[in-house]
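Visitor: Each chain, letter by letter, is given below.
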Amino acid sequence: MLELRLVQGSLLKKVMDSIKDLVNDANFDCSATGFSLQAMDSSHVALVALLLRSEGFEHYRCDRNISMGMNLGNMAKMLKCAGNDDIITIKADDGSDTVTFMFESPTQDKIADFEMKLMDIDSEHLGIPEAEYHAIVRMPSAEFARICKDLSSIGDTVVISVTKEGVKFSTRGDIGTANIVCRQNTTVDKPEEATVIEMNEPVSLTFALRYMNSFTKASPLSSTVTISLSSELPVVVEYKIAEMGYIRFYLAPKIEEEEDESKP
Amino acid sequence: MLELRLVQGSLLKKVMDSIKDLVNDANFDCSATGFSLQAMDSSHVALVALLLRSEGFEHYRCDRNISMGMNLGNMAKMLKCAGNDDIITIKADDGSDTVTFMFESPTQDKIADFEMKLMDIDSEHLGIPEAEYHAIVRMPSAEFARICKDLSSIGDTVVISVTKEGVKFSTRGDIGTANIVCRQNTTVDKPEEATVIEMNEPVSLTFALRYMNSFTKASPLSSTVTISLSSELPVVVEYKIAEMGYIRFYLAPKIEEEEDESKP
Amino acid sequence: MLELRLVQGSLLKKVMDSIKDLVNDANFDCSATGFSLQAMDSSHVALVALLLRSEGFEHYRCDRNISMGMNLGNMAKMLKCAGNDDIITIKADDGSDTVTFMFESPTQDKIADFEMKLMDIDSEHLGIPEAEYHAIVRMPSAEFARICKDLSSIGDTVVISVTKEGVKFSTRGDIGTANIVCRQNTTVDKPEEATVIEMNEPVSLTFALRYMNSFTKASPLSSTVTISLSSELPVVVEYKIAEMGYIRFYLAPKIEEEEDESKP
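Residue numbers (this note's numbering), protein chains in the order written: chain A, 1 to 264; chain B, 1 to 264; chain C, 1 to 264.
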């Protein structure tokens, strides 16, 4: 039997809003350690990894490891019906082909339960090794979202270049070019407003803005975002989920870009 | 001659917004007692009854009973042009085929008059007898609106079931099922936040969510809604209009529903 | 070389938002006195004239008069990427076929430069003589915008009539007629809330509401609007730009209107 009670139910609503447009169907994996998901986006280009550790739940009971296949669009529809202050409980009986989401209002006057059919989804779990990155940028998540949105009005791809002084986001399109530089800046009033750059060596990589924009839908989950870059690895865009875990997006850099520019 | 002056003009704007999508054309009936309307929705399934008593107007002159046929969409367009703090006066000369809406800004610096053609509309006035209901639920109008909206994302119909403990709203659709229970609750800080259930006998009735959602457009008129249920009568969804009257929506329960479910 | 630094960059964003739907391509003219634009709308009915005087810029360097042809839609796209508190610098090298917009965040942590291709645009500069007007109305810009929007829901044209007592805006359409009168009113708490009428002789002119509505997009630039009317001249709808200049819209009155109404 599975019973996970999350007092801050709005977290789960935000998680669904951040991945439902990227991934259609996915298995949620439940074990003693936590509630997790790993899935490729529908065009098999980006990877999403979610972890909500068991300690973050007010009540966490998971008798045996189970994997529950869900349509994320439908799950998001149901979670949208939870109030922002509601307590959300996820329940499933052993062997059942349904999952129940229960929403309790803070005053306990209103109690809703939504039951959803589970699906069989083939999926292979990729091992993602811990890796060394050439550069790690931590910056306000709203700033990163704004930059990705702004550059999308000019071009389709973004070149992210990191030096000791700062991180530069560049694009070019039919109407012109754009460069946005964010300087390292740690002398801010609030730590979440800092832009912090850890760099082992300079790096410059190109990504599709469409995916970056999709990732930034997770911005409501965290005031900061961490971007880990390496020329040999997919970029990791990570949003921490308050004391519970994280949502991470992986995206391989584009490599054709520079060849295109070298043409006459 | 007719001249009705309503200081709180925004009330009339809200009334129009709550019925203009349900009813296309209707007769407004004016008599010494008040300004009223009774109309079927365009698919002849739901009935709307509006009453604004003469005492609620700052000035109310109606020399003889008249019935003015109006296109509610056009009337709503004109009333949209009134400011929220404007005083609205409805004027019509005897035998005239037009009605004039006058809007005065609170400072009297801006005065607008909008003149609209009247229409001839055939309509029969239904007598609605006072009736005994099996159960009467009073609850916050915003809560009822939220529940109808939430359930619409899952199914097309709602089963409303009342017991002494509370009222349950249920639906089912392709993606699953949903049940929302609101408990009787009278120990609240503000009386308009209470959920109060008067029950003579338990009742469980099925309604089309499309209409319920349409009725909830009247929520800005009142912080509470009263739902009167009886297995032999249409449900009445009533919004009081501050010390002036009410808007009531009548809708017959669906009866096929249970037969459908008894099929294999 | 050209380098214009505007601390209140949001002004430029608002200017673009107010004209980008009216004019597609236009030459910006730069001289020692200021940054200006004069352009007909795409259907050659209305004229826009913009002036930002050099004194309004924190730094203003313009070595020689130049005219820069820009696509206003693209320019607006780029300026949309500037934050509302950003300092905007417009830069162009002599003989260059590009212009650069630089956006600096108030804390200098984020610096963006957007480079846009210039265009060759044929345009003749019309001399607009200072003229005497029959009547000049100054009123709150939000009020004027509201009136134009409201009347558009009833008809296509507005008759603006000025007498000593006030200014009347009228329209008629299929669903009826509308008249809105704003009285002269100078005893207000804030000077920008006044409606002030200077009248040499009464005037009554008809204009296309589509254009008036388009002009009111400049409302965020100024809390008041000045409407100068004369039966022999195009109307001038002027929004002052805080201590820097103005944006003026010119539109010829419609003359067929009255003949139409005299028909049986």
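Incorrect hints may appear among the rest.
The list treats identical chains as one, so a pair stands whether inside a single copy or across any two.
No more than 25 Å apart at the CA atoms, straight line, and that leaves these computed lysine-lysine pairs for PhoX-like [stated by the list, open to error]:
(1) K149 x K91
(2) K77 x K217
(3) K13 x K168
(4) K164 x K13
FYI, nobody ran anything at the bench for these hints, they're computed from the structure.
Owing to the predicted nature of the structure, the values given are computational and were not obtained by experimental measurement.
Visitor: Looking at the structure, which of the earlier hints fail to hold?
Guide: Hint 4 contradicted; others consistent.
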